Amino acid sequence: MALAIILVVLLIGSTIFQFVNPWSATPVASNWGSIDNIIVITSVITGIFFVGITLFVVYALVKFRHRGPSENGQHQASYEPDSKKLEWWLTGITTVGICALLAPGLVVYDDFVHVPEGATEVEVVGKQWMWSFRLPGEDGKLGHAKVKLIGMDNPFGLDPDDPNGQDDLLINTNVLHLPIDKPVKMVLRSLDVLHNFYVPQIRAKMDMVPGQVSYFWFTPTKEGRYEILCAEYCGVAHYNMKGHMIIDSAENYQAWLSEQPTFASSLVSGSDDGGVEQGRQLAESSGCFACHSIDGSKSLGPTWKGLFGKTEVLMDGTTVVADEAYLKESITDPNAKMVKDYAPVMVAYPLSDSQLDALVEYIKSTP
Amino acid sequence: MAYVHDAEKEALHQPHSFWSKYVWSQDHKVIAIQYSLIAIFAGIIALVLSAMMRMQIGFPGSLEFMDANTYYQAMTMHGMIMVIYLLTALFLGGFGNYMIPLMVGARDMVFPFVNMLSVWFYFLSVIILLASFFVPGGPTGAGWTLYPPQAITAGTPGMEWGIILMLVSLLVFIIAATMGGLNYVTTVIQARTYGMTLLRMPLTVWGIFMATILALLAFPALFVSGVMMLLDRTIGTSFFMPEMISMGQQTDYDGGSPILFQHLFWFFGHPEVYIVALPAFGMISDILSVHSRKKVFGYKMMVWAIVAIGVLSFIVWAHHMYVSGMNPYFGFFFATTTLIIAVPTAIKVYNWVLTLWKGDIHMTVPLLFAVAFIFTFLAGGLTGLFLGNVIVDIPLSDTYFVVAHFHMVMGVAPVLVVFGSIYHWFPKITGRMMNDKIGMWHFWITFLGTYAIYFPMHYLGILGMPRRYYDSTAYEFIPQSAHDLNAFITIAALIVGAAQVLFIYNMIHSAFKGKESGPNPWNAASLEWQTPQTPPVHGNWGEKLPVVHRWPYDYSVPGVKEDFVPQNVSEQELEANKVKL
Amino acid sequence: MTAAQLMKTSGFESVGGGANEWQETPEVIALRAKTGLRILMAVITSLFFLFIVSFLIRSQIADWEHLSAPWKPLANPWPLWINTGALVLASIFLQWSRISSRKQEARRTVETLVLAGFFSLVFIGGQLAVWQQLMSLGYFVSTNPANSFFYLLTGLHGLHLAGGLMAWCKTVVKAWRGMPIKQLSSSIELCAMYWHYLLGLWFVLLGLLTSSPETYAALVRLCGL
Ligand code: HEM
Ligand SMILES: [Cu+2]
Ligand SMILES: [Cu+2]
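Protein chains in written order, with this note's numbering: chain A, 1 to 367; chain B, 1 to 581; chain C, 1 to 225.
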C-alpha cells in the first residue's frame with residue numbers, strides 16, 4: 001500500500017517537475033530547433049507509456065494485495081491462462097508508438113546528414129586543450145593539411161605547395177566569428193586525441209577524430225556570443241577546453257574577417273615587438289589559459305597571478321625563485337622542474353626567443 | 001580438455017579440510033559465494049569512488065586531494081568496476097553459479113575444476129586492477145571506454161602503468177568469464193535433470209543462459225581491442241593510433257583508426273548491457289511470480305523476448321557512436337535496429353506488470369525491490385528511446401542525460417535486482433532469513449534516493465551540461481540553479497551510499513544470527529527450493545536426482561490445497577493433494 | 001530441436017524413466033566435454049572473426065604495406081606452406097589415432113598420437129623460424145601494421161595450438177601410464193576435433209595473409225564497410 005502511494009507521488013512529482021523546472025534547454029540559436037520538436041514528440045509519447053504503465057502497477061498493487069490465507073483450494077490469485085490476444089495488442093501499440101517517434105526523427109536526421117548547397121566550409125582544429133579555426137579565403141577552398149607538416153611556424157600543418165591553401169585564413173585563437181543566417185559546414189579535424197565541437201545553443205555536435213575529417217552543418221539564427229565546449233573526453237583538461245563562437249551581423253563579420261591573416265602572410269611575417277599585449281595574445285592562442293589562471297584560482301597548472309619573483313616548492317622539496325630563466329625553461333621544457341602537487345601534463349612549447357620574452361613580460365604584468 | 005575427465009571424477013569426493021571446502025573448492029555454491037564476495041568488495045570500492053566524485057561535482061574543491069587527475073581516475077575505475085567487476089561477475093559468476101545447477105537439477109557444474117579456475121582468475125584480475133592504485137602515475141583515467149589515442153598518450157592520468165594494468169586485468173577477466181561461461185552453457189544444455197525440458201526452466205536460468213552466450217561471443221571483441229591497444233602502448237604498433245602530435249611533439253604513430261577501436265569496443269559494450277540486464281530480467285520475473293503467487297504472464301513470450309533481445313543486441317552497437325565521426329548514414333540503420341529492440345523489451349515490462357495483475361501480492365522486501373526495478377527500468381528504458389533516436393542523441397550525447405540514462409537502466413535497475421534477489425534467495429543460501437525491518441529501511445532509502453539522484457539529472461543533460469567534467473562552474477550557460485541541483489544530488493548520493501551499510505550489516509548479521517528459515521520460506525515452486533538440505537550440501541540432491549513433472553510457475557492452481565505445486569511433484573501426488581470442490 | 005529430442009541427446013534415453021545416476025556415465029561425460037569444446041571453438045571463432053574484420057578495415061588505410069606484395073618477404077610464402085604441411089600431417093595423424101582408438105588398436109593409437117604432437121611442434125617451430133626470418137630482414141612488429149597483424153594472428157594461432165598441446169601432453173602421459181584405450185579415446189576424440197578446427201582456422205588465416213590487397217579491398221566492399 002505504501003508502495004502504491006509512493007509510486008503515485010513519484011508520478012505526480014515527476015510530471016510537475018517536467019513542466020516546471022528551471023533547467024530547461026538553452027534557447028536554440030540555429031536551424032536545429034527541429035531537433036527540439038522531436039524531443040517534445042518523444043517526451044510526449046514516452047510520457048504516456050510511463051504514466052500508463054505506472055498507474056497500472058499502482059492499480060494492481062492496491063487491488064490485488066494479499067488479503068488473507070487461501071482456504072480449501074480457493075486461492076486469491078487467479079490461475080489465469082495467458083492472453084495471446086492481449087500480448088499482440090500491446091506489441092502492436094508499442095510498435096505504433098515507436099514508429100511515431102522514429103519516423104519524424106529520421107526525417108530530421110536526413111536533413112542533418114545532407115549539407116545544403118552553398119554552405120561555407122569552416123574548419124575547426126582541436127588539440128589538447130584548445131581550439132583554432134581556418135576559413136577558406138577568397139577561393140572558397142580549404143587547402144590540404146597534414147599532421148606531419150605541423151611545426152612551430154605552421155601550427156595547422158598546411159601544405160605550403162597547395163595553391164588552395166595560400167589564401168586560407170588562420171584563426172589561432174579560441175574565438176570564432178560566423179555570419180548570421182548563412183549555412184556553414186563545420187569541417188572537423190583533430191591533431192592529437194578525440195575532441196567534440198559542442199555549442200549547446202546550436203544543438204548539433206560532432207566528434208573530431210585524428211587521422212580523419214568529420215563534419216556537420218547548421219545555420220546560425222541568432223546573434224550573440226556562445227560558449228564552445230569539448231564534449232568528448234580528451235584528457236585531464238577536457239573540462240577546461242573552452243572557446244567562444246560569436247554570431248555576427250553581416251557587416252561586423254566582414255570587418256572581423258578582413259583582420260585575419262592568411263596562410264601566405266603568416267609564413268612571411270614572424271611576429272615581434274615583445275610587448276605585454278603580444279604575450280597575452282600568444283598565451284591565448286597557445287591555449288595556456290586552459291591550465292593557468294591569471295586571477296589566482298587553482299587550476300591544472302600554477303596560477304600566473306603574482307608568479308614572477310615568487311618562490312616555488314618543487315617536487316623534490318627544493319625551492320626555486322620564478323625568475324625569467326625559470327619561466328622560460330618551464331615553457332620550453334616543462335618537466336625539468338616540476339612544482340609540487342602538479343601533474344606533468346604540460347606540453348613543451350618550443351617558442352622563439354622573442355615570443356618567450358613576450359610571454360614573460362605578460363606574466364610579469366599579472367601581479 | 002582431456003583433464004575434464006579426471007576433474008569430474010574428483011568432484012564426486014566430498015571435500016574434507018577447511019581449505020578444500022572453502023578455498024580450493026570445486027563446489028558451485030562455494031564458488032558462487034566466492035565470486036559474490038569479491039564482486040561486492042570491488043563494488044564497495046566503486047561506490048566510495050562515486051561518492052568522492054559526487055563531492056567534487058556538488059561541492060567543487062571540497063575535497064583537498066581531488067584534483068582533475070584524481071577525478072578522472074576515480075571516474076574510470078568507478079565505471080569499469082561497476083560494469084565489469086561488480087555486475088558482470090555478480091550476475092554470471094555469482095548468481096549463475098549458484099542458481100543454474102540447483103534450478104536445472106544438476107549435482108554441480110559440468111566442469112568443476114574449470115569453474116574453480118574461473119573464480120581464481122577473476123580474483124587475479126581484481127588484484128591486478130586494484131594494484132594500479134599503487135603504481136607510479138596511479139590508475140588509468142582514460143574513462144571506462146578507454147578510447148584511444150587519449151587512453152595511451154600523455155595528458156591522460158595513468159598512461160604510464162595504470163592503463164597497462166587495466167588492459168591486462170581485463171584480458172584476465174575475459175579468460176575467467178570464458179571459463180565460467182563454458183560451464184554455465186554446457187550445464188544448461190547437458191546436465192538438466194530428468195523431465196527438465198528447456199521450456200520448464202525458470203526464467204532466471206533462461207536469462208543467465210542467454211547472457212552467458214552473449215558474454216562468450218561479445219567478450220572476444222573486448223579481448224581483441226585490448227590486445228591491440230596493449231601492443232600500441234607497449235611496442236608502438238599503430239593499430240588504433242593515427243598520425244598525431246602529443247605534448248607538442250610529433251609521434252611515431254601513423255595511420256591507425258580510433259574509430260575501429262570504438263566499433264570493437266561497442267560490439268562488446270552493447271551486448272555487455274544485456275549481459276547485465278538479461279539475468280536481472282530473469283530473476284525479477286521469478287521473484288514477481290513467487291511473491292504474487294501467480295504464474296509469470298506469457299512465459300513463452302518472455303523466453304522469446306530474451307532470445308530476441310540477445311540476438312538483436314549484436315546489431316545495435318553503433319548507437320553509441322552517432323556523433324563519433326563515423327559515416328553518418330549508419331545512423332539510419334542503427335536507429336532503426338535500436339528502436340526495434342525496444343519492442344521485445346517493452347513486452348517484458350508488460351508481462352511483469354501483468355504478472356502482478358489478478359495476483360495475491362505479498363508485500364515482502366523482495367517484491368518491493370522487484371516493483372522498484374520495474375519502475376526504474378521503465379524510466380531508464382524510456383529515456384533510451386531518446387538516445388536511440390539518432391537525431392535526439394545528437395544534442396544529448398555526452399551530457400548528463402546519458403549519465404542519468406545508463407545509471408537508471410544498467411546501474412540502479414540491476415542493482416535493485418541484486419538486492420531483491422539476495423533478500424529472496426538468502427534463506428536458501430544460508431538457511432536464515434534476512435531482517436525485514438532493516439530490509440525495509442534499506443529499500444526505501446535506496447529506491448527513493450536513487451530516483452532523487454537520477455531523475456533530475458536528466459534535466460541537467462537537456463540543459464547541455466557535459467559529462468566527464470571535473471568542474472563546470474566556469475561556464476556561463478549553466479545557471480547557478482544547476483549547481484544547486486548538483487549539490488542536492490550529491491547529498492542524495494551520499495545518503496544512498498551510506499544506506500548500503502544497512503545492507504552489509506543485515507547480510508553479515510543475518511548469516512549468523514538471522515531467524516531460521518526452513519527449506520522453503522516463500523513457498524516457491526521452482527526446483528532450487530526443493531533440495532533435501534538447506535543450505536544444500538555438496539552434490540545438492542542426496543541419493544537421487546529430482547524428477548521434474550511440471551514448469552516452475554504452478555501457483556494458485558485451483559482445487560489444490562496449497563497455493564503452489566513444486567516442480568518435482570508428480571501427477572499422482574498432486575491428485576492426492578486435491579480438495580473436493 | 002524439440003524438448004524430447006534434446007532430452008534424448010542429453011542422455012535421458014538410457015535411464016528408462018527413473019532418476020538414476022545417469023549423469024555420471026562415461027558416455028555422458030564425454031558428451032559434455034564435447035559440447036564444452038564446441039562452445040570453446042565458437043568463442044575462438046568469434047575472436048578470430050573480429051581480428052580478421054579489424055585486419056580488413058585496417059588494410060584499407062594508405063600506410064599499409066602488404067607482406068605478400070612483390071619484393072616483400074611473403075611474395076613467395078614457401079616456408080608457410082611447409083609449416084602448413086606439418087599441421088596437415090598432425091591433423092591426419094590425430095584422425096588416424098582417433099580411428100585406431102575406436103577400433104581398440106592400442107599401439108597404433110599411441111604411435112599416431114605421438115606423431116601428431118611431433119608435427120604440431122614442427123609447425124610451431126616453423127612459424128617461429130618465419131618470424132626469425134622476417135625480423136632478420138627488418139620487418140619488426142611495429143614497422144608496419146601489416147607486419148603487426150602478421151605477428152599477431154600467427155602468434156595467437158600458435159598460442160591456441162600450444163594450449164591444445166597441453167591437453168595432448170596429458171593424454172600422452174595417461175597413455176604412458178597405461179590407461180585403457182577405451183577411456184583414452186574420449187580425450188583423443190577431443191584433441192582431434194580441436195586440431196581439425198585449428199587447421200581450418202589456419203587455412204583461413206593463411207589465405208588472408210597471403211592474398212593480394214585487391215582481394216581485401218573487394219572483401220571490404222562486399223561487407224559494405
Ligand atoms: C549511487 C550509486 C552511484 C553513483 C552516485 C554514481 C555516480 C557516478 C558519477 C558521479 C559518475 C561520473 C560522471 C561524469 O563525470 O560524467 C559516474 C560514472 C559512471 N558510472 Fe556511476 N554511480 C553510481 C552507481 C553506478 C553503477 C551501479 C554503475 C553500473 C553500471 C555505474 C556505472 C557508471 C559508468 C559506466 C560511468 C561512466 C564512467 C566514465 O565516464 O568513464 N555507476 N557515476
Ligand atoms: Cu575534450
Ligand atoms: Cu547500447
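Simulated from the structure, these hints should not be mistaken for lab results.
There could be a bad hint or two in this list.
Calculated pairs, DSBU-like style, for lysine-lysine (alpha carbon to alpha carbon, straight line, at most 30 Å) [as the list claims (entries may be wrong)]: (1) B:Lys-21 <-> C:Lys-170; (2) A:Lys-182 <-> A:Lys-146; (3) B:Lys-578 <-> B:Lys-513; (4) A:Lys-84 <-> A:Lys-141; (5) B:Lys-300 <-> A:Lys-85; (6) B:Lys-544 <-> C:Lys-170; (7) A:Lys-340 <-> A:Lys-310; (8) B:Lys-358 <-> A:Lys-84; (9) A:Lys-84 <-> B:Lys-561; (10) A:Lys-85 <-> B:Lys-437; (11) A:Lys-84 <-> B:Lys-544; (12) A:Lys-310 <-> A:Lys-222; (13) C:Lys-72 <-> B:Lys-21; (14) C:Lys-72 <-> A:Lys-146; (15) B:Lys-544 <-> A:Lys-63; (16) A:Lys-63 <-> B:Lys-578; (17) B:Lys-513 <-> A:Lys-63; (18) A:Lys-85 <-> A:Lys-141; (19) B:Lys-21 <-> A:Lys-63; (20) C:Lys-72 <-> B:Lys-544; (21) A:Lys-328 <-> A:Lys-242; (22) B:Lys-300 <-> A:Lys-63; (23) C:Lys-182 <-> C:Lys-34; (24) A:Lys-305 <-> A:Lys-340; (25) A:Lys-148 <-> C:Lys-72; (26) A:Lys-310 <-> A:Lys-328; (27) B:Lys-513 <-> B:Lys-437; (28) A:Lys-340 <-> A:Lys-364; (29) A:Lys-146 <-> A:Lys-242; (30) C:Lys-34 <-> B:Lys-21.
Computed list of chain B residues with no C-beta within reach of chain C, every gap over 10 Å [unchecked claim]: (31) Ile-57; (32) Gly-79; (33) Leu-182; (34) Ala-191; (35) Ile-235; (36) Ser-238; (37) Phe-239; (38) Gly-269; (39) Ser-472; (40) Ala-499.
This structure is a prediction, so every number in the text was calculated from the model and none was measured.
Glycine included, C-beta positions come from ideal geometry on N, C-alpha and C.
field: Assertion that Ile-57 (chain B) lies farther than 10 Å from chain C (Cβ)
entry: Consistent with the label, Ile-57 (chain B) stays out of reach of chain C, its closest Cβ about 36 Å off (over 10 Å).
- prompt: Going straight from one Cα to the other, do Lys-544 (chain B) and Lys-170 (chain C) come out at no more than 30 Å?
  reply: With Cα atoms ~33 Å apart, Lys-544 (chain B) and Lys-170 (chain C) exceed 30 Å; violated.
task: Mind checking the alpha carbons of Lys-72 (chain C) and Lys-544 (chain B) for me, to see if they're no more than 30 Å apart?
output: With a Cα-Cα distance of about 67 Å, the restraint between Lys-72 (chain C) and Lys-544 (chain B) is violated, given a limit of 30 Å.
- prompt: Under the criterion that the straight-line Cα-Cα distance not exceed 30 Å, is the pair Lys-578 (chain B), Lys-513 (chain B) satisfied?
  reply: violated (38 Å)
query: Does the structure keep Lys-21 (chain B) and Lys-63 (chain A) at a Cα separation of 30 Å or less?
result: Between Lys-21 (chain B) and Lys-63 (chain A) the Cα gap is close to 49 Å, so the pair fails against 30 Å, i.e. violated.
- request: Mind checking the alpha carbons of Lys-310 (chain A) and Lys-222 (chain A) for me, to see if they're no more than 30 Å apart?
  value: Distance ~46 Å between Lys-310 (chain A) and Lys-222 (chain A) Cα, so the pair is violated.
- request: Report holds if the minimum CB distance from Ser-238 (chain B) to chain C is greater than 10 Å, and violated otherwise.
  value: violated (6 Å)
Agreement of Lys-513 (chain B) and Lys-63 (chain A) with the hint, judged by alpha carbon distance not exceeding 30 Å: Not satisfied, since the Cα-Cα distance of roughly 36 Å exceeds 30 Å.
- request: Please settle this one: Ala-191 (chain B) was flagged as non-interface, so is its CB more than 10 Å from every CB on chain C?
  value: violated (6 Å)
query: Taking only the CA atoms, is the gap from Lys-340 (chain A) to Lys-364 (chain A) under or equal to 30 Å?
result: holds (22 Å)
- prompt: Taking C-beta pairs only, is Ile-235 (chain B) more than 10 Å away from all of chain C?
  reply: Since the minimum Cβ distance to chain C is about 5 Å, Ile-235 (chain B) lies within 10 Å and the statement is violated.
- prompt: Taking only the CA atoms, is the gap from Lys-72 (chain C) to Lys-146 (chain A) under or equal to 30 Å?
  reply: At roughly 28 Å apart (the allowed maximum being 30 Å), Lys-146 (chain A) and Lys-72 (chain C) satisfy the hint.
Checked against the numbered hints listed earlier, the structure breaks hints 3, 4, 6, 10, 11, 12, 13, 15, 17, 18, 19, 20, 33, 34, 35, 36 and 37; every other hint is satisfied.
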